[in-house]
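First to last, the protein sequences are chains S and A. Each residue of the first sequence is one higher than the one before, starting from 1 at the first, in my numbering. Each residue of the second sequence is one higher than the one before, starting from 157 at the first, in my numbering.
Treat the hints with caution; some may be incorrect.
Distance windows between CB atoms, simulated [claimed, not checked]:
{"id": "1", "chain 1": "S", "residue 1": "A84", "chain 2": "A", "residue 2": "H453", "range": "33 to 41 Å"}
{"id": "2", "chain 1": "A", "residue 1": "G182", "chain 2": "S", "residue 2": "D3", "range": "16 to 24 Å"}
{"id": "3", "chain 1": "A", "residue 1": "Q303", "chain 2": "S", "residue 2": "H120", "range": "48 to 56 Å"}
{"id": "4", "chain 1": "S", "residue 1": "C102", "chain 2": "A", "residue 2": "R336", "range": "51 to 59 Å"}
{"id": "5", "chain 1": "A", "residue 1": "A458", "chain 2": "S", "residue 2": "G141", "range": "22 to 30 Å"}
{"id": "6", "chain 1": "S", "residue 1": "L16", "chain 2": "A", "residue 2": "K464", "range": "49 to 57 Å"}
{"id": "7", "chain 1": "A", "residue 1": "G330", "chain 2": "S", "residue 2": "R154", "range": "53 to 61 Å"}
Just a sample of chain A residues kept apart from chain S, beta carbon distances all over 12 Å, derived [as the list claims (entries may be wrong)]:
{"id": "8", "residue": "V170"}
{"id": "9", "residue": "A209"}
{"id": "10", "residue": "Q214"}
{"id": "11", "residue": "V258"}
Interface residues of chain A toward chain S, partial, derived using beta-carbon atoms under 10 Å [to be verified]:
{"id": "12", "residue": "H158"}
{"id": "13", "residue": "P195"}
{"id": "14", "residue": "K198"}
{"id": "15", "residue": "N202"}
{"id": "16", "residue": "A260"}
For the record, the hints were derived by calculation from the structure and aren't laboratory data. Glycine included, C-beta positions come from ideal geometry on N, C-alpha and C.
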Amino acid sequence: MSDPRILRLRLNGQPLEVSVPPERILLDLLREELNLTGTKRGCDLGTCGCCTVLIDGRPTLSCLTLAHLVAGREITTIEGVTPATGLNPVQKAFVELGATQCGFCTPGFVMTAGALLREHPHPTRQQIADAVSGNLCRCTGYSKILDAITAASRGP
Amino acid sequence: MHLDPFELHRPSTVEETMALARRYSGSFDYLAGGTDLLPNYKMHLNLRPHLIALEDVQELRGHSVDRVGAMTRLGDLERDAAFLRAYPAIAEALREVATPLVRATGTVGGNLFLETRCFFFNQSYFWRQSLGFCLKAEGDRCHVVPQKEKCYATFSGDLAPALMVLDAEAEIHGPDGARRVPVTDLYDARGDGIQRTHLAPGELLVAVHFPTAARARRSAYLKLRVRPSFDFPELGVAASAIFDGETPTELAVAAGGLETYPRRFDDLTQSLVGSPLTDERILDVATRIRGAVRPVHNTFLAPDYRKKMAGVFVRRALTRVREGTAA
Ligand SMILES: Cc1cc2nc3c(=O)[nH]c(=O)nc-3n(C[C@H](O)[C@H](O)[C@H](O)COP(=O)(O)OP(=O)(O)OC[C@H]3O[C@@H](n4cnc5c(N)ncnc54)[C@H](O)[C@@H]3O)c2cc1C
Ligand code: SF4
Ligand code: FES
Ligand code: FES
Chain S
1 MSDPRILRLR
11 LNGQPLEVSV
21 PPERILLDLL
31 REELNLTGTK
41 RGCDLGTCGC
51 CTVLIDGRPT
61 LSCLTLAHLV
71 AGREITTIEG
81 VTPATGLNPV
91 QKAFVELGAT
101 QCGFCTPGFV
111 MTAGALLREH
121 PHPTRQQIAD
131 AVSGNLCRCT
141 GYSKILDAIT
151 AASRGP
Chain A
157 MHLDPFELHR
167 PSTVEETMAL
177 ARRYSGSFDY
187 LAGGTDLLPN
197 YKMHLNLRPH
207 LIALEDVQEL
217 RGHSVDRVGA
227 MTRLGDLERD
237 AAFLRAYPAI
247 AEALREVATP
257 LVRATGTVGG
267 NLFLETRCFF
277 FNQSYFWRQS
287 LGFCLKAEGD
297 RCHVVPQKEK
307 CYATFSGDLA
317 PALMVLDAEA
327 EIHGPDGARR
337 VPVTDLYDAR
347 GDGIQRTHLA
357 PGELLVAVHF
367 PTAARARRSA
377 YLKLRVRPSF
387 DFPELGVAAS
397 AIFDGETPTE
407 LAVAAGGLET
417 YPRRFDDLTQ
427 SLVGSPLTDE
437 RILDVATRIR
447 GAVRPVHNTF
457 LAPDYRKKMA
467 GVFVRRALTR
477 VREGTAA
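All chains should be modelled from the sequences, with the hints used to inform the complete structure.
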């Protein structure tokens with residue numbers, strides 16, 4: 001390991017200061033050092049979207065991000081968008097409409113969908129499909145995921 | 157997957173970058189978005205002990221219709237409506253690079269200089285060790301075209317062909333100063349396939365510039381890939397032209413995803429300038445380009461198929477440019 005350096009950032013709304021070596025990948029920092037295991041490791045190579053987190057509000061693959069390059073930025077993980085009790089509207093829609101089966105891809109989809117709905121509160125089905133085209137799901141066949149995001153955009 | 161240790165440097169100007177490039181000459185890689193380099197590092201492909209991150213280098217930022225900084229994220233360029241309107245071929249190419257999540261981080265500079273791909277190369281260390289390493293990393297032979305001199309890995313960037321047909325120029329800074337090169341001349345067709353560009357050691361892309369005339373061009377980009385998301389190009393064809401009535405006064409076709417380097421086919425398309433762009437003329441040039449390209453069997457789709465499709469895509473791209481219809 002090369003010499004760790006201090007990394008300062010904001011994580012789920014809280015300031016964070018940790019000592020991290022230069023080669024540490026953000027996903028490994030989150031899961032292995034900070035125990036935030038909601039962010040999943042699928043492929044570790046950019047080809048599944050399971051590791052999606054928000055960096056300054058923008059969905060980003062944490063498996064292809066060096067931790068030190070997000071110094072000073074605001075990182076939001078699935079833990080940060082889940083209320084203390086219950087679920088957020090996108091998560092609720094996923095549960096109610098059967099958009100989650102094994103659930104492994106779900107945190108990634110929820111992060112991507114949340115960011116889409118902030119940018120386009122009433123997206124078309126095509127806009128939704130484009131937005132989540134970097135998230136793979138091996139269970140649902142996607143239709144129910146698109147249904148759930150559409151439902152979440154319409155409100156309760 | 158943890159990465160092997162390296163030193164990470166974060167210069168904030170081109171001058172500081174050049175100082176680092178001189179100091180660590182031969183033992184560093186530039187790191188832009190990292191969406192190409194980091195997967196390769198995870199697979200232990202050609203690791204270097206120093207990474208120079210371009211993230212903070214001021215001169216590499218910003219984008220307008222005239223100039224795109226090398227560190228411009230593809231996802232940001234995709235949201236620049238004026239830019240997309242000006243250059244339809246780039247708009248079409250951008251939308252098809254990887255996925256929106258990769259584009260959020262991937263940059264224009266990284267896209268022009270991404271590592272070439274081959275299914276004997278883009279594999280884990282264990283996999284490559286089992287078969288025996290190849291010329292491009294740790295070994296001395298090629299598994300695709302059996303010999304020991306040249307690597308045939310495929311250039312799989314989507315933007316290069318689109319930039320080529322728009323006469324874009326690369327602004328390059330190196331330890332010995334700055335220069336401008338047409339994007340078309342950046343790539344080395346005669347090299348060993350491992351040194352694939354005309355960048356000297358330490359040279360850096362600062363920005364891509366567009367001549368005013370590029371905005372007068374109609375243009376199109378067509379990509380062949382297995383899935384409509386994620387996949388690298390198995391073939392990418394860009395075409396552009398300026399018309400006087402039905403007659404092109406300027407015309408260009410370029411392709412990537414086929415060979416070690418992307419290229420523009422000026423010698424084969426010259427006959428199309430100065431006379432009406434008929435179906436027969438288009439077909440003739442498409443057939444000649446198909447005959448000229450040499451894909452090898454190192455990506456997902458068979459080389460014969462990619463070669464045939466190169467002809468089909470050239471025909472479609474030129475027809476679209478003639479009709480002036482967007483995708
Ligand atoms: C799942 C997946 C799918 C992909 N699909 C596609 C695809 O369909 N089409 C496609 O084109 N690409 C694809 N890519 C590759 C890559 O994401 C893009 O090409 C991206 O634009 C690379 O940019 P980057 O900034 O991440 O490059 P980096 O990984 O940072 O750099 C790539 C290379 O370029 C060099 N470099 C970067 N910037 C400069 C500079 N300014 N001057 C000199 N050298 C420089 C680096 O040293 C490195 O060798 C894919 C990647 C993944 C993970
Ligand atoms: S083309 Fe040959 S040398 Fe190049 S990466 Fe593939 S196997 Fe290796
Ligand atoms: S784990 Fe990051 S994209 Fe698969
Ligand atoms: S629910 Fe199993 S992968 Fe999507």
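Less than 10 Å between beta-carbons is the criterion; does H158/A satisfy it with respect to chain S?
Where the cut-off is 10 Å and the nearest Cβ of chain S is about 6 Å from H158/A, the hint holds.
For the pair C102/S and R336/A, does the Cβ-Cβ distance stay inside 51 to 59 Å?
53 Å, holds
Using Cβ atoms only, decide whether A260/A comes closer than 10 Å to chain S, and label the hint accordingly.
Interface hint status for A260/A: holds (5 Å vs cutoff 10 Å).
Does the Cβ pair A458/A, G141/S satisfy 22 to 30 Å?
Holds, at about 29 Å.
Does the beta carbon distance between G330/A and R154/S stay inside 53 to 61 Å, or does it fall outside?
55 Å, holds
For V170/A, is the shortest CB-to-CB distance to chain S above 12 Å, so the non-interface label stands?
19 Å, holds
Separation of Q214/A from chain S, once the least beta-carbon distance is taken, above 12 Å
Holds: least Cβ distance 16 Å, greater than 12 Å.
Please check whether N202/A passes as an interface residue: C-beta within 10 Å of a C-beta belonging to chain S.
15 Å, violated
Cβ separation of A84/S and H453/A, checked against the hinted range 33 to 41 Å
Violated - the Cβ-Cβ distance for A84/S and H453/A, about 55 Å, lies outside 33 to 41 Å.
Does V258/A really sit off the interface, with its C-beta more than 12 Å from all C-beta atoms of chain S?
At roughly 6 Å from the nearest Cβ of chain S, V258/A sits no farther out than 12 Å, so the non-interface label is violated.
Just tell me: holds or violated, for the beta carbon distance of G182/A and D3/S against 16 to 24 Å?
Roughly 23 Å apart at Cβ, these two residues keep to the hinted range, so it holds.
Double-check P195/A for me: the hint is only fine if its C-beta lies closer than 10 Å to a C-beta in chain S.
At about 5 Å, which falls below the 10 Å cut-off, the nearest Cβ of chain S leaves the hint on P195/A intact, so it holds.
Violated hints, in rising order: 1, 9, 11 and 15; the structure is consistent with all others.
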